[in-house]
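Given only the sequences and the hints, what does the whole structure look like? Please build it.
Residue numbers (the UniProt record's numbering), protein chains in the order written: chain A, 1 to 287; chain B, 1 to 340; chain C, 1 to 318.
Since the hints were derived computationally from the structure, they do not count as laboratory data. All C-beta atoms, glycine included, are put in the ideal place defined by N, C-alpha and C. Be aware that a few hints might be false.
[Claimed, not checked] SDA-like cross-link-like pairs, simulated, lysine to any residue; straight-line CA separation at most 25 Å:
(1) A/K172 with C/D90
(2) A/K172 with C/R260
(3) A/K172 with C/R82
(4) A/K172 with C/E63
(5) A/K172 with C/D205
(6) A/K172 with C/A93
(7) A/K172 with C/E79
(8) C/K287 with C/R260
(9) A/K172 with C/T61
(10) C/K287 with B/L196
(11) B/K174 with B/I77
(12) A/K172 with C/Q192
[Stated by the list, open to error] Below, a sample of chain B positions facing chain C; criterion: calculated Cβ distance under 7 Å:
(13) G216
(14) D240
(15) L273
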Amino acid sequence: MRAGETLRLLFRGPTALAAAAVLVLLVLTAFLGERLAPYDATGTDVSNRLQGPSADHWFGTDELGRDVLSRVILGAEVSLRVGVVAVGISLVAGVLIGLLAGYYGRWVDDVLMRLSDVLFAFPAMLMAIAVLAILGPGSTNAMIAIGIVYTPIFARITRASVLSVREEVYVKAARSAGAGDLRIIGRHVLPNVTAPIIVQTSISLAFAILSEAALSFVGLGTQPPDPSWGRMLSEGRGFVEQAWWMAVFPGLAIFVTVLAFNVLGDALRDVLDPRQRQAMAGTGVTA
Amino acid sequence: MTAPVLAVDDLHVAFRTRRGPARVVNGLSFELHPGRTLAVVGESGSGKSVSSLALLGLLPGTADVRGSATFDGAELIGRSEEELRKVRGAGIGMVFQDPMTSLNPVLTVERQIGEALRAHEKVSDDGVRSRAAELLTEVGIPDAKARLRAYPHQLSGGMRQRVMIAIALAGNPKVLVADEATTALDVTVQAQILELIERLQDEHGMGVVWITHDLGVVAGIADHVVVMYAGRCVEEGAVDELFGRPAHPYTRGLLGALPVVDDPRPARAREELTTMPGLPPDPVELPPGCAFHPRCPVRADARCATEPPPLAPVPGSAVAHRAASFYADSAAPADGGDAR
Amino acid sequence: MSDVLVRASGLRVHFGDVRAVDGVDLEIRRGETLGLVGESGCGKSTLGNALLRLVEPTDGTVEFDGADVTAAGRRGLRELRRRTAMIFQDPYASLDPRRTVAESIGEPLAIHKLHRGRAARRARVGELMEVVGLDPRLGGRYPHEFSGGQRQRVGIARALAGEPDFVVCDEPIASLDVSVQAQVVNLLVRLQREFGLTYLFVSHDLAAVRQVADRVAVMYLGRVVELGAGTSVSSAPAHPYTEALVSAVPVPEPERERSRRRIVLTGDVPSPADPPSGCRFRTRCPKVFEPCPDHDPVLQPTGPEQAAACHLHGVTDR
Numbered sequence: 001m002r003a004g005e006t007l008r009l010l011f012r013g014p015t016a017l018a019a020a021a022v023l024v025l026l027v028l029t030a031f032l033g034e035r036l037a038p039y040d041a042t043g044t045d046v047s048n049r050l051q052g053p054s055a056d057h058w059f060g061t062d063e064l065g066r067d068v069l070s071r072v073i074l075g076a077e078v079s080l081r082v083g084v085v086a087v088g089i090s091l092v093a094g095v096l097i098g099l100l101a102g103y104y105g106r107w108v109d110d111v112l113m114r115l116s117d118v119l120f121a122f123p124a125m126l127m128a129i130a131v132l133a134i135l136g137p138g139s140t141n142a143m144i145a146i147g148i149v150y151t152p153i154f155a156r157i158t159r160a161s162v163l164s165v166r167e168e169v170y171v172k173a174a175r176s177a178g179a180g181d182l183r184i185i186g187r188h189v190l191p192n193v194t195a196p197i198i199v200q201t202s203i204s205l206a207f208a209i210l211s212e213a214a215l216s217f218v219g220l221g222t223q224p225p226d227p228s229w230g231r232m233l234s235e236g237r238g239f240v241e242q243a244w245w246m247a248v249f250p251g252l253a254i255f256v257t258v259l260a261f262n263v264l265g266d267a268l269r270d271v272l273d274p275r276q277r278q279a280m281a282g283t284g285v286t287a
Numbered sequence: 001m002t003a004p005v006l007a008v009d010d011l012h013v014a015f016r017t018r019r020g021p022a023r024v025v026n027g028l029s030f031e032l033h034p035g036r037t038l039a040v041v042g043e044s045g046s047g048k049s050v051s052s053l054a055l056l057g058l059l060p061g062t063a064d065v066r067g068s069a070t071f072d073g074a075e076l077i078g079r080s081e082e083e084l085r086k087v088r089g090a091g092i093g094m095v096f097q098d099p100m101t102s103l104n105p106v107l108t109v110e111r112q113i114g115e116a117l118r119a120h121e122k123v124s125d126d127g128v129r130s131r132a133a134e135l136l137t138e139v140g141i142p143d144a145k146a147r148l149r150a151y152p153h154q155l156s157g158g159m160r161q162r163v164m165i166a167i168a169l170a171g172n173p174k175v176l177v178a179d180e181a182t183t184a185l186d187v188t189v190q191a192q193i194l195e196l197i198e199r200l201q202d203e204h205g206m207g208v209v210w211i212t213h214d215l216g217v218v219a220g221i222a223d224h225v226v227v228m229y230a231g232r233c234v235e236e237g238a239v240d241e242l243f244g245r246p247a248h249p250y251t252r253g254l255l256g257a258l259p260v261v262d263d264p265r266p267a268r269a270r271e272e273l274t275t276m277p278g279l280p281p282d283p284v285e286l287p288p289g290c291a292f293h294p295r296c297p298v299r300a301d302a303r304c305a306t307e308p309p310p311l312a313p314v315p316g317s318a319v320a321h322r323a324a325s326f327y328a329d330s331a332a333p334a335d336g337g338d339a340r
Numbered sequence: 001m002s003d004v005l006v007r008a009s010g011l012r013v014h015f016g017d018v019r020a021v022d023g024v025d026l027e028i029r030r031g032e033t034l035g036l037v038g039e040s041g042c043g044k045s046t047l048g049n050a051l052l053r054l055v056e057p058t059d060g061t062v063e064f065d066g067a068d069v070t071a072a073g074r075r076g077l078r079e080l081r082r083r084t085a086m087i088f089q090d091p092y093a094s095l096d097p098r099r100t101v102a103e104s105i106g107e108p109l110a111i112h113k114l115h116r117g118r119a120a121r122r123a124r125v126g127e128l129m130e131v132v133g134l135d136p137r138l139g140g141r142y143p144h145e146f147s148g149g150q151r152q153r154v155g156i157a158r159a160l161a162g163e164p165d166f167v168v169c170d171e172p173i174a175s176l177d178v179s180v181q182a183q184v185v186n187l188l189v190r191l192q193r194e195f196g197l198t199y200l201f202v203s204h205d206l207a208a209v210r211q212v213a214d215r216v217a218v219m220y221l222g223r224v225v226e227l228g229a230g231t232s233v234s235s236a237p238a239h240p241y242t243e244a245l246v247s248a249v250p251v252p253e254p255e256r257e258r259s260r261r262r263i264v265l266t267g268d269v270p271s272p273a274d275p276p277s278g279c280r281f282r283t284r285c286p287k288v289f290e291p292c293p294d295h296d297p298v299l300q301p302t303g304p305e306q307a308a309a310c311h312l313h314g315v316t317d318r
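Set out below in structure tokens:
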């Protein structure tokens, strides 16, 4: 019922609705993948190389004659999988770290947060590249690298919320009734810190997809011949003058996806932030 | 009798909300005479604070204000922001509940009093300093010169409220509106502030509108009392008359709900406090007829649910005493209301 | 079985330099309501929390039903938590906004494994809601759907869930409207009589305390300065601070209120980080005399069932 109200408020405006529609479409595309793609995404056809957009090849073909549309469609699955798994890793690790640091405070907080400060101090891309240099290139390792890079953000956001929720009277009330730490963290603290985490998840998905594209662009992410938007962008770079479609369509896919996640994240923030929410409901009459 | 310094007539305030208009003040009228204290009593949501904010044009844009309020004969409702600004402070000073949030935390006491002084007259820096120090001394702050340099957080709650009063006094107002001015304070500090305001009132001849939920405070300082419920005055009268012969069932309920500190009986020998069932109505969906009828202990007929009772003189009272209830005259004491 | 349910001896709770509770000896008798009054910052809430070991005492001991609470281990603490409960000031803040009121009320049952099984637990929660005057059908709703008074009833039902012996009511009516305050006060009194509860009723409102408390303890700057039967503390206060406090509480009767002599204290309460030497009230006391700055008074009997920490009743020193 509360979730229902949240959704109602979330989709009052057209932008959030549009963003959600784009993302639903993206997920469908990723799931249907090969069934949706008109051609084999890895099948080369040298006689048809570097063809511009046409009725046969809507997005044209690349330098090996592969259908760009089919590769963009299959790339959706790669991007989404890397994004979701990477964000999943940072979500679980970060929230756990944030909960422990925020709830227990003292040395637990010091140790965990200093560690995450160190992680945070490196530029994100550099950090991911360093991790991949150790683990070796590939899409699985890219997920791990991106996951590690975004862990501190979740840790910080969670910790900040936990610090305020920890002081709430209802937490003290649970303690006075005899609740142990596990119960308090699981039943009272975690449910009350979800809002900023949900917002961050949405925004991080955008960043993770961008990172995957960037890592693949420099050759450390998804390996050939698997299609990946970043990889396609990188490959298209050399042909911008002869075959603009090779770079433009995967670029557009990245752009639209990232934009959709960001828009949804902002909309979620507006709805889940209780202060904003009251302003939106517009019934804050006190006499 | 002298002309009232502040007269409110048939004031209505409604807030526009998504669910429809929230009718928070519904036809409030009262008069305040110079040197007198009028208490406006009510629970949260009764419209008591909103009506005072309406007088000074301090309500947000979502509020529709109708009716009339005159200060020294001049209409306040519908005046421009600039005209109202002159009235605020110079004509009507205000003191709010929370002295911590009504003071700016990053400005010294001197700056804040100075602002109020400069708003009404041209004064030099030295003039501001000496006048501000005078004001602080007047509101009973010792070592005023040193306190001028203090920031709000360096003062206790009682001191901050004194500073607020000094700011309100800066323009030599004819009327002081105190909105729950002692609610956030401890009782011994409240006693200090009450004493201060009574003294200032004597010295300056100000009229005071005292907005509060605390009937005990009202009993001590008010000359005339207005009891509000759901945005309406349900009963008004001279303080002794109203407390001595409360006529409206709501007033009687409120009085019965109060424990008395010097009741000689031990706790276990006391009867229960009088309670009223239910809650004040939602201002968006006010009940038809008498707004109090769903909670009224003496409600007897269908008239209460259809026809709003007018504010009419209470039968048998010698002095001005009016109540808005069809059963104002069936004034058998409410349970426990007069028992002590 | 001892007559005393809760006993604090030499209890101190310091937060850094701030001596919130600074040497309190107090007994709470089985089945009584002890009122604890004082103004903001006097340490009354901290004392209530320390009795339930919700804050750790810096020094001194608390006994609950003969057992040392301050030394209790995990199991002892768990038992204490079941046999005690707290009712909080702010009914908006003390309920988890993400849990239904039935979940909140049932939480002590889940924690202490009482009334096991879904049906039994639901029945017990319904029963508790009825006891506090709430419709059990509203159990599935969330706190924001209730008024302040109803939420406080939820808080009370939760406090009663584990069938406690001792309940600390920490300013239970301070955030409620007058007419709702009376409902909650009446309810608390009724529940005490029905279930034989022992209450510590912490409040800044002496009139409310008098309505419910058999005995009253008055706190000032971390100490209990007067303790006695409610009737004597309010009608014949033995400590000048109590006297000022009683005189400052307004009475809703105009003629009497106008003629009452208000004792207006000068100045502010000193900082609990740096209390005055000797008697802590001496800086504001209208009756201060020679021994006050040098001797720190102890609670001494001033009459039957009454004691005060004041040199006017004979000079003492801690």
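Right, here's what the structure says about each hint:
1. Taken as a hint, the A/K172 and C/D90 pair is honoured in the structure, with Cα atoms around 12 Å apart against an allowance of 25 Å.
2. Restraint check for A/K172 and C/R260: the C-alpha separation of about 42 Å exceeds 25 Å, so the hint is violated.
3. Taken as a hint, the A/K172 and C/R82 pair is honoured in the structure, with Cα atoms around 15 Å apart against an allowance of 25 Å.
4. The straight-line distance between the Cα atoms of A/K172 and C/E63 is roughly 21 Å, inside the 25 Å bound, and the hint therefore holds.
5. A hinted pair counts as satisfied when its Cα atoms are at most 25 Å apart, and A/K172 with C/D205 qualifies at roughly 24 Å.
6. About 10 Å separates the Cα atoms of A/K172 and C/A93, which keeps this hinted pair within 25 Å; it holds.
7. For the hint linking A/K172 to C/E79, the alpha-carbon distance of about 17 Å falls within 25 Å, and the restraint holds.
8. For the hint pairing C/K287 with C/R260, the CA-to-CA distance comes to about 19 Å; that is within 25 Å, so the pair holds.
9. Taking the CA atoms of A/K172 and C/T61, the gap is near 22 Å; set against the 25 Å cutoff, the hint holds.
10. Restraint check for C/K287 and B/L196: satisfied, since their Cα atoms lie roughly 22 Å apart, inside the 25 Å limit.
11. Straight-line distance between C-alpha atoms of B/K174 and B/I77 comes to about 18 Å, which keeps the hinted pair within the 25 Å bound.
12. With a C-alpha separation of about 23 Å, the suggested pair A/K172 and C/Q192 falls inside the 25 Å cut-off, and the hint holds.
13. Interface hint status for B/G216: upheld, as the beta-carbon distance to the closest one in chain C is roughly 3 Å, under 7 Å.
14. Nearest Cβ of chain C to the Cβ of B/D240: about 5 Å, under the 7 Å cut. The hint holds.
15. Evaluation of the B/L273 hint against chain C yields a held restraint, the C-beta minimum of about 4 Å falling below 7 Å.
The structure fails hint 2 only (numbered hints given earlier).
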